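Trainee: Model the full assembly from the supplied sequences, consistent with the hints where possible.
In order, the protein sequences belong to chains A and B.
Residue numbers for the first sequence follow my numbering, so the first one is 1 and each next one is one higher.
Residue numbers for the second sequence follow my numbering, so the first one is 1 and each next one is one higher.
Rather than coming from a laboratory, the hints here were simulated on the basis of the structure.
Quick caveat, the model's predicted, so the values are computed rather than measured.
Hints are supplied without guarantee of correctness; some may be wrong.
Unchecked claim - So the derived list for chain A, only partly shown, Cβ under 10 Å to chain B, looks like this:
1. HIS8
2. GLU11
3. GLU22
4. PRO35
5. MET36
6. CYS37
7. PRO39
8. TYR51
9. PHE78
10. VAL93
11. ASN101
12. PRO114
Beta carbons are placed, not taken as given, at the ideal position from N, Cα and C, and that holds for glycine.
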Amino acid sequence: MKLDTNLHHIETANDWKKVLEENENVMICCGRMGPMCIPVYGVMEELEEEYKHIKFADMPFDSPEATVIRNAPEANGFMGLPFTMYYKKGKVVKATSSIQNMDQVRSILDQHLPKSN
Amino acid sequence: MNSTNHFDVIVLGAGPAGLTAGIYLSRAKLSTLILNQGTVGGQLILTHEIANYPGVELTSGYKLASTMKKQALSFGATIKTVSQNPVIFDEGPVKIVKVGDTEYTANAIILTLGGSPRMLGVKGEIEFKGLGVSYCATCDGEFFSGKEIIVVGGGNSALEEAVSLSKYATKITIVHQFDNFQAFPAYVDEAMSNEKISFVMETEVVEFAGNERLEKVLLHNKKTGTREWLKTDGAFIFIGYQPNTETLKGVVSLNQNGEIIVNSDMETSVSGIFAAGDSIAKRYRQVTTAVGEATVAALASAAKVYEIKKELQLTN
Ligand SMILES: Cc1cc2nc3c(=O)[nH]c(=O)nc-3n(C[C@H](O)[C@H](O)[C@H](O)COP(=O)(O)OP(=O)(O)OC[C@H]3O[C@@H](n4cnc5c(N)ncnc54)[C@H](O)[C@@H]3O)c2cc1C
Numbered sequence: 001m002k003l004d005t006n007l008h009h010i011e012t013a014n015d016w017k018k019v020l021e022e023n024e025n026v027m028i029c030c031g032r033m034g035p036m037c038i039p040v041y042g043v044m045e046e047l048e049e050e051y052k053h054i055k056f057a058d059m060p061f062d063s064p065e066a067t068v069i070r071n072a073p074e075a076n077g078f079m080g081l082p083f084t085m086y087y088k089k090g091k092v093v094k095a096t097s098s099i100q101n102m103d104q105v106r107s108i109l110d111q112h113l114p115k116s117n
Numbered sequence: 001m002n003s004t005n006h007f008d009v010i011v012l013g014a015g016p017a018g019l020t021a022g023i024y025l026s027r028a029k030l031s032t033l034i035l036n037q038g039t040v041g042g043q044l045i046l047t048h049e050i051a052n053y054p055g056v057e058l059t060s061g062y063k064l065a066s067t068m069k070k071q072a073l074s075f076g077a078t079i080k081t082v083s084q085n086p087v088i089f090d091e092g093p094v095k096i097v098k099v100g101d102t103e104y105t106a107n108a109i110i111l112t113l114g115g116s117p118r119m120l121g122v123k124g125e126i127e128f129k130g131l132g133v134s135y136c137a138t139c140d141g142e143f144f145s146g147k148e149i150i151v152v153g154g155g156n157s158a159l160e161e162a163v164s165l166s167k168y169a170t171k172i173t174i175v176h177q178f179d180n181f182q183a184f185p186a187y188v189d190e191a192m193s194n195e196k197i198s199f200v201m202e203t204e205v206v207e208f209a210g211n212e213r214l215e216k217v218l219l220h221n222k223k224t225g226t227r228e229w230l231k232t233d234g235a236f237i238f239i240g241y242q243p244n245t246e247t248l249k250g251v252v253s254l255n256q257n258g259e260i261i262v263n264s265d266m267e268t269s270v271s272g273i274f275a276a277g278d279s280i281a282k283r284y285r286q287v288t289t290a291v292g293e294a295t296v297a298a299l300a301s302a303a304k305v306y307e308i309k310k311e312l313q314l315t316n
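Mentor: Following this line, the structure appears as structure tokens:
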């Protein structure tokens, strides 16, 4: 199960673990190919060049392995796709539910996953 | 001011219309800058399946937009993502576009700003987005299984989506600001015959509230002037689309709906400023209409640029 984006794809819980272990700063968008999710993938693709210190990835919401995100305590109460998680050193530093625009994503990245740290 | 850059044409917006203009202009060897806010591809990327774009078999809007972007770049167009609103100044044959500290100039501008879903713009709407407030039934419907929700709106989308949400929710209240629906009668009939759906007419949502997620909405009855809290687990908002022309007020002529008025060359009320796609005043909004109008705008603006260049050569 893979999403049709140009981002790095996370397909299994093992992939997810590996990405978090190998990268200090990670943003993962867990969704489907729907109107609330696609703009977030688009924003991530556009920001990939600029935020080289961050690993950008997607994960299919319907994959049984996506429980690593769907059931995360930080996603408790989320009722809108996609679930987007921001990790620093393997820990969730921010999580959002539903569509986010470029400015919103940028402001989270600058605040929680800044370049200098 | 940090820098000054001159282009033959500046295109504002990189949806299907803007990308088409970029393809035509850069193929005609005109230096072309496309400034885009948001995701390149515009509303096209929101379309799961495109089945009505001639010559292209069933594809996703995302793929079609990626190909359009690739084409525009391959012919030499420059695409820049901006987070601030571009501001236009008309100096006759030279147009100035300012984005923050950066100033760009061009001999013509094409406006392809498209449209966006309308938000209610009331207290709590942004705070509870994804925590009970939603704009997409197919995306988020399943989170409301066994729950009571409201649907805001009275057009085709609102009534159609209310019916589709009845697969999940136990009770749906349609809240509409007028005393009649704007939707096609067939959609109204279907919603009315659905026993899970009830209606609150002539009423507006004025606030969303809750703790960790949405718990209630404040309703304002326009007829009686009374306000009442309604407990709800979710609110789906379908109140139509609006043109992204807020920043164009006072720059070009807009109609009462905020849509850009153009002539048959897609030229606006200002000479040298053209427009195409969903942000112009028209009846049908499709990818094919957007790319068709953008083709006209690109060719007409190219003719204008050649005219200006010729005049400048004659006077020099
Ligand atoms: C869910 C959905 C399904 C659809 N399905 C179909 C279909 O099956 N077939 C079909 O033909 N059509 C379909 N449409 C309609 C089609 O997507 C639009 O008609 C088309 O995308 C309009 O193109 P556009 O370039 O005019 O505007 P848009 O696609 O809206 O693009 C405008 C671009 O300009 C950007 N922008 C906005 N303001 C500014 C600014 N101030 N400065 C710079 N950039 C700015 C926007 O972010 C966007 O990237 C659908 C639309 C939706 C929402």
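Trainee: May I ask which of the numbered hints given earlier this structure violates, with the numbers listed in increasing order?
Mentor: Numbers 1, 2, 3, 8, 10, 12, in rising order.
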